[in-house]
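Peer 1: Chains as they are written, first to last, in this note's numbering: chain A, 4 to 186; chain B, 20 to 107; chain C, 15 to 399.
What the hints contain is simulated information worked out from the structure, not anything from laboratory work. Built from N, CA and C at the ideal position, the CB exists for glycine as well. Among these hints, one or two may not hold up.
As the list claims (entries may be wrong) - Beta-carbon label-pair distances, calculated as ranges: (1) B:Q63 / C:E69: 24 to 32 Å; (2) B:Y82 / A:E166: 19 to 27 Å; (3) B:V37 / C:F72: 36 to 44 Å; (4) C:T195 / A:R162: 23 to 31 Å; (5) A:T164 / C:T195: 24 to 32 Å; (6) C:D227 / A:Q69: 51 to 59 Å; (7) A:A109 / C:G385: 40 to 48 Å; (8) B:L26 / A:D86: 26 to 34 Å.
What the hints assert, rightly or not - Here are the computed lysine-lysine pairs in the BS3-like style, where the Cα-Cα straight-line distance is at most 30 Å: (9) A:K63 / C:K301; (10) C:K340 / C:K380; (11) C:K319 / C:K376; (12) B:K57 / A:K105; (13) A:K128 / B:K104; (14) C:K376 / A:K63.
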Amino acid sequence: MISLRELRIHGRGGQGSVTAAELIAVAAFAGGVYSQAFPAFGVERRGAPVQAFVRFDDRKIRLRSQVYEPDYIIVQDSTLISDVNVFHGVKPGGVVIVNTEKPLAAQIPAGVKVITLDATSIALKHLGVPITNTTLMGAFAAASGEIDLTALEEAIRGRFTGEMAEKNVAAAREAYALVRGVS
Amino acid sequence: MIMPLGLGCSSRPGTSRVNRTGSWRTFRPVFLRDKCTKCRLCIQLCPEGCIMEESEGFPVPDYTYCKGCGLCAEECPAEVIEMQKEEK
Amino acid sequence: MMEIMEGSHAVAHAVRMCRPEVIAAYPITPQTHIVEALAEMVANCSLDAEYITVESEFSALSACLGASAAGSRVYSATTSQGLALMFEVCFNTAGMRLPVVMSIVNRALGAPLSIWNDQQDSISLRDSGWLQFYAEDNQEATDLHYIAYRVAEDKGVLLPAFVCFDGFILSHTYEPVEMLTQEQVDSYLPPYSPVQRLDSKNPISIGLFASPDYYMEFRYEIDRAMKASSQVIREAGRRFGEMFGRDYSNLVEEYRMDDAECAIVAMGSICGTVKDAIDEMRRDGQKAGLLRIRTFRPFPGDEIKKALAGVSSVAVLDKNISLGAKGAVALEVRDALYGSGIPVLDYIIALGGRDVAKKDIKSVVKMAMAGNGDLFYGLRGEVLG
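So that you can see chain A by itself, here it is in the shape it has in the complex (with noise of 0.2 Å):
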């Protein structure tokens, strides 16, 4: 009886992997269950790969370590996947979210799920910016169910204001509609 589940995300400086993060837990909280983020740390330059990770636990979570066998992968940018073994220690059953236009050329490891979505496309759509975190927010949602829409919708509402704040919760729905519809 493992209740536990992890989430680790890939991203580059810049992309809002932390931010990602921390409103993916702040929702999971919303939701009624124990929640934790943090990031990994690396050279504090953007465009550099960075990590962050989240966990679920029905009970208060104790475990400091960084995530090495996820349950959930989401990658920010498909250009990580030559610099970055993104796929590393995943669970056999585990879900992997890609933002990429094309489909994936990597090798998959075999029992895992892939969604793939061009949250880059849905982004610059909605926020006339790259910044794909809080479409994949919401493509998470859907493909994972760990976290509820509206309780990420007002995750996205207390970290960002006004119209920003609507426009990014405009992309967390587009991405979860739509990965609703392939899942």
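With the hints as your guide, set chains B and C onto chain A.
Peer 2: This is chains B and C only, laid out in the frame that chain A set:
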């Protein structure tokens, strides 16, 4: 690269050259020449120092190191640098 | 009410409710979101305090020292190199018996430059006369600030206090924290009433010269107050438990120690991972336990001796190294167990942010049971050449 562990944290120059940050790029700056005023602002601002001046004075990025941060496009007074999605 | 927020912000809210009257901090790396959040609270009038931006960490603590001497409750936060720059003022603050409370967000010291976590910074000031508390999670990181003020300002203590919590691992982590209300904090922590203070109408001098005829006696008094603070901490921790349900009456925490054969001793956030590893080892029939040190100064030698009586080996996880000797925690645990015959093995671990997983804890226990210790755990042989 092996660090000289017994000698503190020293390194020979040129380590930035080994770190080919071009692989980090999601968006590629494309420099349009027709309206470029050769003001050199992009050359001075580039955090990687990877924009060079060619013989006629136009800026040319080195895509081996350009990490696609977009600072040049953001700051270009003539708005002639376009960030285009990287095809990888 | 349980809320989810970043560790630094949770601590900032706890500090706000302690009603500090003066905050001084140096707002550049290494710094955390704590003082950023407090500066915002002062700017938007949700905290009535004097916020002094200074030109260095040395000045930050100097300003705190002066403000505390003038009778204010004061606060600062720092980390790694910032704390190193405060070294001299730390000794002065304790020597002048000023109950300054400062958050230490533990991070490694350079060189080589590192922004990541270990506990070398605060451990390096173990001899400065400051109380040192170490938090396991963000709940404790907030609670210990209320307790630290109450203990530091106690008339029988009058010593400054560090509340230490691990950089990034706690400071940048979002997790649920039960925040007290202002009324609850006010009922636990009375306003600071100094025994003496700088006052132009009734002038005194503080921090005088002491000739060889007096210096030792001053130092003796600091040591005596530090040792006496153990009882004050127990009392403050017990009262906190009675009022809010989270008991801090012990300077150490025992986890599955009842029939433990191998005891791990550690401080800070690593203890959460250790607890999870112990649960797994217990399921596999391995009798491991954890003794977590929450108060490193005063050092709870008697509690440690009592808690470790009967174990067959002790593995100390030190996120610091007294270069040329051992880890600081192991040295003192060994001293506490002197004469008991119980082997105390030291593991220098997680320096400069190296991650520690459950498997590492299991591997340490295995090594300790085999009598293999006093080493740097997890060195990368391939880069050592």
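Peer 1: Hint by hint, say whether it matches the structure.
Peer 2: Now for the hints, and whether the structure bears them out:
1. B:Q63 / C:E69: 24 to 32 Å: For B:Q63 and C:E69 the Cβ distance comes to about 29 Å; the hint holds.
2. B:Y82 / A:E166: 19 to 27 Å: Hint violated: Cβ distance 35 Å, outside 19 to 27 Å.
3. B:V37 / C:F72: 36 to 44 Å: holds, 38 Å
4. C:T195 / A:R162: 23 to 31 Å: holds, 25 Å
5. A:T164 / C:T195: 24 to 32 Å: holds, 26 Å
6. C:D227 / A:Q69: 51 to 59 Å: The hinted range 51 to 59 Å holds for C:D227 and A:Q69, with Cβ atoms some 56 Å apart.
7. A:A109 / C:G385: 40 to 48 Å: holds, 46 Å
8. B:L26 / A:D86: 26 to 34 Å: holds, 30 Å
9. A:K63 / C:K301: holds, 23 Å
10. C:K340 / C:K380: holds, 20 Å
11. C:K319 / C:K376: Since the Cα atoms of C:K319 and C:K376 sit roughly 23 Å apart, the hinted pair holds (cutoff 30 Å).
12. B:K57 / A:K105: Measuring from Cα to Cα gives roughly 37 Å; hence the hint is violated.
13. A:K128 / B:K104: holds, 14 Å
14. C:K376 / A:K63: With a Cα-Cα distance of about 21 Å, the restraint between C:K376 and A:K63 holds, given a limit of 30 Å.
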